[in-house]
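The listed protein sequences derive, respectively, from chains A and B.
Going by numbering that gives the first Met the number 0, 400 is the number at position 401 of the first sequence; the sequence numbering is gapless.
Going by numbering that gives the first Met the number 0, 143 is the number at position 144 of the second sequence; the sequence numbering is gapless.
Source of the hints: derived by calculation from the structure; they are not laboratory data.
Just so it is clear, the structure is predicted and the values come from calculations on it, not from any experiment.
Think of the CB as a built atom: it goes at the ideal place given N, C-alpha and C, for glycine as much as any other residue.
Any given hint might turn out to be false.
[What the hints assert, rightly or not] Computed beta-carbon distance windows for the label pairs:
1. His29(B) to Pro93(A): 47 to 57 Å
2. Glu59(B) to Thr429(A): 50 to 60 Å
3. Glu12(B) to Cys268(A): 44 to 54 Å
[As the list claims (entries may be wrong)] Once the Cα atoms are required to be at most 20 Å apart in a straight line, the calculated EDC-like pairs of lysine to aspartate or glutamate come out as:
4. Lys496(A) to Glu95(B)
5. Lys92(B) to Glu31(B)
6. Lys102(B) to Glu427(A)
7. Lys56(B) to Asp95(A)
8. Lys92(B) to Asp95(A)
9. Lys250(A) to Glu61(B)
10. Lys56(B) to Asp89(A)
11. Lys188(A) to Glu427(A)
12. Lys434(A) to Glu50(B)
[Said to hold, decoys possible] Residues from chain A that face chain B, not an exhaustive set, calculated with beta carbons under 7 Å:
13. Pro47
14. Val48
15. Ala51
16. Val99
17. Phe102
18. Thr107
19. Pro162
20. Gly164
21. Ile259
22. Ala328
23. Ala331
24. Arg333
25. Phe394
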Amino acid sequence: MLFRRLLATFAVFAALASPAFAGIDDTINSITAPIAALVGQIVFFKVPVFGAQLPLVVLWLVVGAVFFTLYLGFVSIRGFKHAIELVRGDYSNPNDAGEVSHFQALATAVSGTVGIGNIGGVAVAVTVGGPGATFWMILAGFLGMSTKFVECTLGVKYRQENPDGSVSGGPMYFMRDGLAAQGRVGLGKFMGTFYAIGIFIGALGIGNMFQSNQAYVQLNTVAGGALDGYGWLVGLILAGVVFSVIIGGIKSIAAVTEKIVPLMAVLYCTFAIIVILMNAAYIPAAIGNIFAGAFTADGVAGGALGALIIGFQRAVFSNEAGIGSASIAHSAVRTNEPITEGYVSLLEPFIDTIVICTITALVIGTTQVAAPGFAGDATGVAMTSAAFERQISWFPYVLAIAALLFAFSTMISWSYYGLKGWTYLFGEGTQTIYKLIFCAFVALGCMVQLGPILDISDALVFLICVPNILALYFLAPTVKREMKSYLDRIKSGEIKKYGA
Amino acid sequence: MQNKYLVAVEGSEGSRRAVAHAIERAKASHAELLLVHVIDWSPYSFHTADELSARHKRREEELTRARDVVLAPITKMVEEAGVQSTAEVRHGKGAETLAALAKEQDVAQIIAGRSGESGVSTMLFGSTSSKLVQISSVPVLIVP
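Sequences and hints are given; from them, build the entire structure.
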């Protein structure tokens with residue numbers, strides 16, 4: 000009923016779609032730009048290091064990722080094979096069939112992270128940080144695997160079962176309950192609340208406005224600029240579809256996207272590899288640029304360190320390691336061994352950053368070598384799209400659809416993360432209010448330009464890394480203990496493969 | 000090998016005929032029956048986070064429903080005929096799950112109805128019963 004009324008509203012808006020309405024975008028932009036600048040300045044407080052500006056929060060994340068990688072003895076390498084065995088179901092008890100499988104948890108978490116960041120974010124990184132940023136992105140992806148391992152294990156270990164039988168988990172729960180177990184009750188409560196507020200606001204930014212914004216930009220590019228000034232209209236339509244899924248409970252739309260998105264991801268990678276192969280002659284030069292740029296970066300503000308900062312920033316933005324969102328997604332798995340979810344989650348930054356982002360970077364990189372300045376002023380998704388278009392003229396249309404679907408599935412995933420933050424704060428009974436706010440921001444995302452919007456969403460997401468990584472430090476010994484006990488039991492044969 | 004037959008149970012008419020036949024054979028050879036209902040499920044499907052968080056609850060509901068609605072009347076029918084039986088519900092792919100359970104429980108044979116599936120998917124992938132014939136490690140009896 001509500002849905003139908005909303006459709007009627009759309010019709011009215013569409014009828015009113017006259018040039019006079021184009022002014023809305025500019026008005027909203029002029030309001031949000033100064034806010035973005037302020038938020039960005041606070042979160043990305045920078046210290047000058049050897050001529051580059053190093054945001055402390057990026058340093059915070061990198062130090063955390065390096066620490067967990069070393070502390071857990073390179074679990075990202077040593078646990079990789081085991082992660083694949085778990086996803087394949089080698090260790091799944093047939094009596095538990097029908098519960099959430101490791102594969103399903105991984106697929107859901109990946110479809111939340113594989114999004115426009117993989118298509119557009121990489122282009123942003125390369126534009127701002129030069130080809131060398133790609134190298135640091137891959138390294139950040141590798142380091143991020145260990146961070147995810149810790150946060151996802153804790154997410155499952157401290158998740159909570161609701162009275163209705165559903166489960167809620169994530170950083171706010173492991174902060175509150177995990178730290179309480181160490182006698183840090185007050186600190187845990189404070190951090191849990193802080194995180195819940197942060198993930199709620201972050202869900203409106205990175206998981207919402209940025210997605211709808213990039214979807215609109217891509218649609219507009221494909222339409223040859225015919226949608227200029229109609230951001231609000233695209234926004235309202237997108238908001239309507241999201242509304243129908245998260246409030247209207249139209250499961251079929253969600254089901255369709257959840258099935259098409261993995262297919263799209265595979266298609267995207269396949270075509271990207273085809274384009275790279277079509278540019279085969281330029282691959283050595285492109286890879287050379289990536290390595291050369293990583294250490295010498297000419298023409299990039301701050302040189303190599305500048306490239307490193309941009310690369311790390313984009314990597315986190317894409318694979319979300321250290322943000323804690325995946326921890327919320329993985330909490331749904333019912334397992335006696337929380338550590339198994341940690342192993343499975345290792346694969347997320349691997350798929351997202353090391354595989355998909357690298358492929359995109361190579362598409363752009365080889366094209367840059369073949370035709371410098373091919374994209375003109377275009378950045379973000381538009382730049383990636385131009386690189387594909389040079390080889391496959393019709394691909395921008397496919398990319399537009401893929402981008403739209405990626406954006407949509409990321410929004411649906413993040414609506415859930417934000418919801419968990421919200422219900423942690425206000426209880427399970429107030430879900431509808433949250434969902435309405437979420438839909439409003441979908442529409443808003445299409446009305447502001449990439450600059451301020453990217454700054455706001457970046458800033459908010461990096462902000463919640465602060466309490467999350469801090470809690471991970473506190474709880475890392477717990478994870479290490481669990482890991483040791485688990486590995487010992489595998490060695491002794493107490494935990495073994497089924498059907499082998 | 001145990002003197003036990005595994006019977007595939009669905010809500011369909013064909014499945015009832017298979018059960019009736021199984022009862023006759025069990026009586027003749029003093030065997031007991033293992034009544035199995037498989038709920039179609041794959042560990043490789045895709046869901047939203049929301050669906051995953053409610054999955055455990057959904058699974059319990061599915062199991063309860065299968066026991067009460069599908070298996071209970073059949074168990075009663077078998078009991079009234081004076082044949083010993085146990086019942087089991089599993090999630091999984093029909094043929095694979097039945098074959099695996101037959102092996103696990105060391106039954107003498109599997110008895111199944113000719114499933115009521117039709118249409119394109121059967122043409123492409125075959126029916127559960129024909130698949131069962133191909134992969135089972137114990138004899139399979141298909142009741143038309």
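Status of the hints after comparison with the structure:
no.: 1; hint: His29(B) to Pro93(A): 47 to 57 Å; verdict: violated, 30 Å
no.: 2; hint: Glu59(B) to Thr429(A): 50 to 60 Å; verdict: violated, 26 Å
no.: 3; hint: Glu12(B) to Cys268(A): 44 to 54 Å; verdict: holds, 47 Å
no.: 4; hint: Lys496(A) to Glu95(B); verdict: holds, 18 Å
no.: 5; hint: Lys92(B) to Glu31(B); verdict: violated, 25 Å
no.: 6; hint: Lys102(B) to Glu427(A); verdict: violated, 45 Å
no.: 7; hint: Lys56(B) to Asp95(A); verdict: holds, 13 Å
no.: 8; hint: Lys92(B) to Asp95(A); verdict: holds, 14 Å
no.: 9; hint: Lys250(A) to Glu61(B); verdict: holds, 18 Å
no.: 10; hint: Lys56(B) to Asp89(A); verdict: violated, 24 Å
no.: 11; hint: Lys188(A) to Glu427(A); verdict: holds, 18 Å
no.: 12; hint: Lys434(A) to Glu50(B); verdict: holds, 16 Å
no.: 13; hint: Pro47; verdict: violated, 41 Å
no.: 14; hint: Val48; verdict: violated, 39 Å
no.: 15; hint: Ala51; verdict: violated, 38 Å
no.: 16; hint: Val99; verdict: holds, 5 Å
no.: 17; hint: Phe102; verdict: holds, 5 Å
no.: 18; hint: Thr107; verdict: holds, 5 Å
no.: 19; hint: Pro162; verdict: violated, 11 Å
no.: 20; hint: Gly164; verdict: holds, 3 Å
no.: 21; hint: Ile259; verdict: violated, 9 Å
no.: 22; hint: Ala328; verdict: holds, 5 Å
no.: 23; hint: Ala331; verdict: holds, 4 Å
no.: 24; hint: Arg333; verdict: holds, 5 Å
no.: 25; hint: Phe394; verdict: violated, 25 Å
Hints 1, 2, 5, 6, 10, 13, 14, 15, 19, 21 and 25 from the earlier list are contradicted by this structure; the remaining hints agree with it.
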